[in-house]
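Single-letter residue listing:
There are 2 protein chains.
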Amino acid sequence: MITKAAIEEAHQRIKQYIHRTPVMTSKSIDEAAGCSVFFKCENLQNVGAFKARGAMNAALQLSPDQKKKGIATHSSGNHAQAIARAAQILGIKSYIVMPHTTAQIKKKGVLAYGGEIFECDNNIAARETMLAEVIKKTGAVEIHPFNNYEVMTGQATAAKELFEDVPQLDFLLAPVGGGGLLSGTALAAKYFSPSTVVIAGEPAGSDDTYRSIKSGKIEQAQSQTIADGLLTTVGVKTFPIIQEQVKEVITVTEEEIISAMRLIWERMKIVVEPSAAVPLASVLKSKEKFKGKRVGIILSGGNVDLERASKLFA
Amino acid sequence: MITKAAIEEAHQRIKQYIHRTPVMTSKSIDEAAGCSVFFKCENLQNVGAFKARGAMNAALQLSPDQKKKGIATHSSGNHAQAIARAAQILGIKSYIVMPHTTAQIKKKGVLAYGGEIFECDNNIAARETMLAEVIKKTGAVEIHPFNNYEVMTGQATAAKELFEDVPQLDFLLAPVGGGGLLSGTALAAKYFSPSTVVIAGEPAGSDDTYRSIKSGKIEQAQSQTIADGLLTTVGVKTFPIIQEQVKEVITVTEEEIISAMRLIWERMKIVVEPSAAVPLASVLKSKEKFKGKRVGIILSGGNVDLERASKLFA
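From first to last, the protein sequence lines are chains A and B.
Once you know that position 175 of the first sequence is 298 in the numbering used here, the rest is easy, because the numbers rise by one and skip nothing.
Once you know that position 47 of the second sequence is 170 in the numbering used here, the rest is easy, because the numbers rise by one and skip nothing.
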């Protein structure tokens with residue numbers, strides 16, 4: 124469905140609106156992990172997350188009529204900012220449905236980009252009901268955070284860049300929530316670095332993808348994790364790609380996520396959100412598998428309330 | 124005393140042992156500051172601070188006989204790690220006198236590089252007494268954190284790189300503690316970008332450089348600040364250079380330092396220690412002066428106990 128050419132075209136389309144984020148390495152993390160880790164720093168991306176890619180790719184393909192009505196989405200955070208930013212760049216309106224539990228920094232981000240926020244309860248039914256109302260009222264086009272081929276294609280460009288910058292990766296890990304980043308990453312590997320094995324990192328407290336691959340059908344997320352970017356259940360468009368391309372999901376505990384997050388902050392001197400630390404936690408948990416290998420990791424985002432992070436490190 | 128050629132030679136000498144750190148920018152910080160700020164990210168340097176430069180430059184110039192005895196220093200933190208790392212690279216011993224109040228992360232860093240730590244009380248007399256004893260016992264060569272021309276020359280290479288990467292800076296700010304970074308930065312500007320005005324940022328709670336420039340002689344630091352890299356009094360070797368080259372010292376409060384530090388963590392997604400946030404705090408305090416200008420800032424380091432930082436952000 125998503126072709127190699129589609130990813131290449133998406134990359135051209137969004138290039139001027141996103142950062143080509145740096146790849147960082149850390150000697151001390153390599154020593155701790157027993158392998159060579161290459162971090163694709165999407166925490167340094169616009170809006171502080173890879174989500175800027177997919178949102179921009181989708182928004183740039185709206186028709187003039189659609190643009191007049193604006194765009195809408197529901198999101199726990201990073202996609203929300205990405206949609207608001209894409210709308211601001213295009214000079215159109217954006218309507219964002221967010222759970223009231225969303226980190227303040229993410230709400231502030233949406234407002235700063237001129238997005239209009241509609242708060243709802245922190246469950247998927249409440250989000251969808253509220254979004255349907257907003258769309259009914261405004262006529263805006265929904266851009267779903269992950270269950271959208273243009274969004275998935277945009278997210279694939281992060282891994283494409285990593286493959287261009289770091290050849291011969293044995294493994295590439297991405298976190299999985301709804302599966303937009305993971306499916307895009309898996310397709311990028313298939314087309315641009317077929318020898319690279321793509322593995323997902325997932326919180327044990329929200330291991331729907333792990334269970335879905337086992338059972339062969341989409342299982343619901345139980346959503347008990349500090350990795351607030353990974354609370355959602357894998358989508359009907361992302362899951363088939365993940366099922367075909369991703370051979371393994373490594374699940375990690377909350378303690379393992381916090382410990383990996385601390386390692387990244389302390390050793391690399393960069394701020395990542397808990398979700399972004401899940402792949403490193405997965406590598407540290409499965410050292411034998413990665414021993415001596417070249418391992419890519421997509422650091423998905425850096426949007427974290429410092430007060431909240433403080434409590435994790437206290 | 125320190126020539127242009129000396130800085131160029133130092134840069135060649137240490138090049139293979141240090142990172143050429145990136146220059147980062149932030150649209151939202153530019154908007155907050157009203158000018159274009161270019162951050163030289165020495166928090167991403169080896170040992171997490173610019174100190175790797177000066178220590179390496181000094182250590183590489185030891186005689187074979189001196190190397191046999193090893194190197195020693197007293198330091199509240201980053202220079203300590205830099206000396207231990209330089210010694211480890213050269214395969215020699217290092218002896219580090221540290222106040223017992225030093226952040227754990229800095230002590231761990233020294234031990235990881237094979238340095239031997241001698242703890243003392245947190246005042247300059249206790250440090251110097253302990254260091255004299257260590258040197259008497261071991262015959263090690265002292266490499267002072269700032270009052271050392273080879274160290275100062277090494278620190279100058281950070282600004283040299285920034286000038287190479289970002290032409291036509293109107294201003295360049297560095298924090299000032301003992302003055303090693305500031306004197307090196309001022310000399311680099313004199314030789315490599317003479318139209319750039321060098322300004323120091325200093326905590327009001329340890330404003331010895333501000334007072335020293337006013338009075339024309341070295342005044343003692345009162346050392347009441349969370350910026351633990353800036354507790355020391357400006358040195359007899361650094362002060363004359365600062366006096367000649369640095370026209371202004373901007374002093375900032377503890378609240379201003381924390382606020383600037385938070386801005387860097389939240390917006391740039393990088394970890395900096397309080398000392399490193401002092402120049403941005405200075406720019407934000409004096410917006411009129413910098414309005415519309417191109418402003419360089421040396422982000423001096425990123426070594427901060429996350430527990431300690433947590434309390435600042437709580």
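Rather than coming from a laboratory, the hints here were simulated on the basis of the structure.
These numbers were taken from a predicted model, which means no experiment stands behind them.
The reader is advised that the hints may include incorrect statements.
You can't tell identical chains apart in this list, so a pair holds if it fits in one copy or across any two.
With a Cα cut of at most 27 angstroms, we get these calculated DSSO-like pairs of lysine-lysine [said to hold, decoys possible]:
id: 1; residue 1: K340; residue 2: K313
id: 2; residue 1: K414; residue 2: K360
id: 3; residue 1: K360; residue 2: K410
id: 4; residue 1: K313; residue 2: K259
id: 5; residue 1: K150; residue 2: K230
id: 6; residue 1: K408; residue 2: K191
id: 7; residue 1: K150; residue 2: K260
id: 8; residue 1: K414; residue 2: K231
id: 9; residue 1: K414; residue 2: K434
id: 10; residue 1: K370; residue 2: K260
id: 11; residue 1: K127; residue 2: K231
id: 12; residue 1: K230; residue 2: K192
We went through each hint and held it up to the structure:
1. K340 x K313: Within one copy, since 22 angstroms is at most 27 angstroms while 67 angstroms is not.
2. K414 x K360: neither (33 angstroms within a copy, 49 angstroms between copies)
3. K360 x K410: Result: close neither inside a copy nor across copies, 32 angstroms intra and 50 angstroms inter.
4. K313 x K259: neither (39 angstroms within a copy, 64 angstroms between copies)
5. K150 x K230: Answer is between: at 18 angstroms across copies they meet the 27 angstroms cutoff, but 36 angstroms inside does not.
6. K408 x K191: neither (49 angstroms within a copy, 42 angstroms between copies)
7. K150 x K260: Neither. Shortest intra-copy (54 angstroms) and inter-copy (34 angstroms) distances fail the 27 angstroms Cα cut-off.
8. K414 x K231: The answer is between: 25 angstroms across copies meets 27 angstroms, while 42 angstroms in one copy does not.
9. K414 x K434: Cα proximity of K414 and K434: none, with 33 angstroms in one copy and 37 angstroms across.
10. K370 x K260: Close neither inside one copy (43 angstroms) nor across copies (60 angstroms); limit 27 angstroms.
11. K127 x K231: neither (36 angstroms within a copy, 47 angstroms between copies)
12. K230 x K192: Classified as within; 22 angstroms inside a copy, 58 angstroms across copies.
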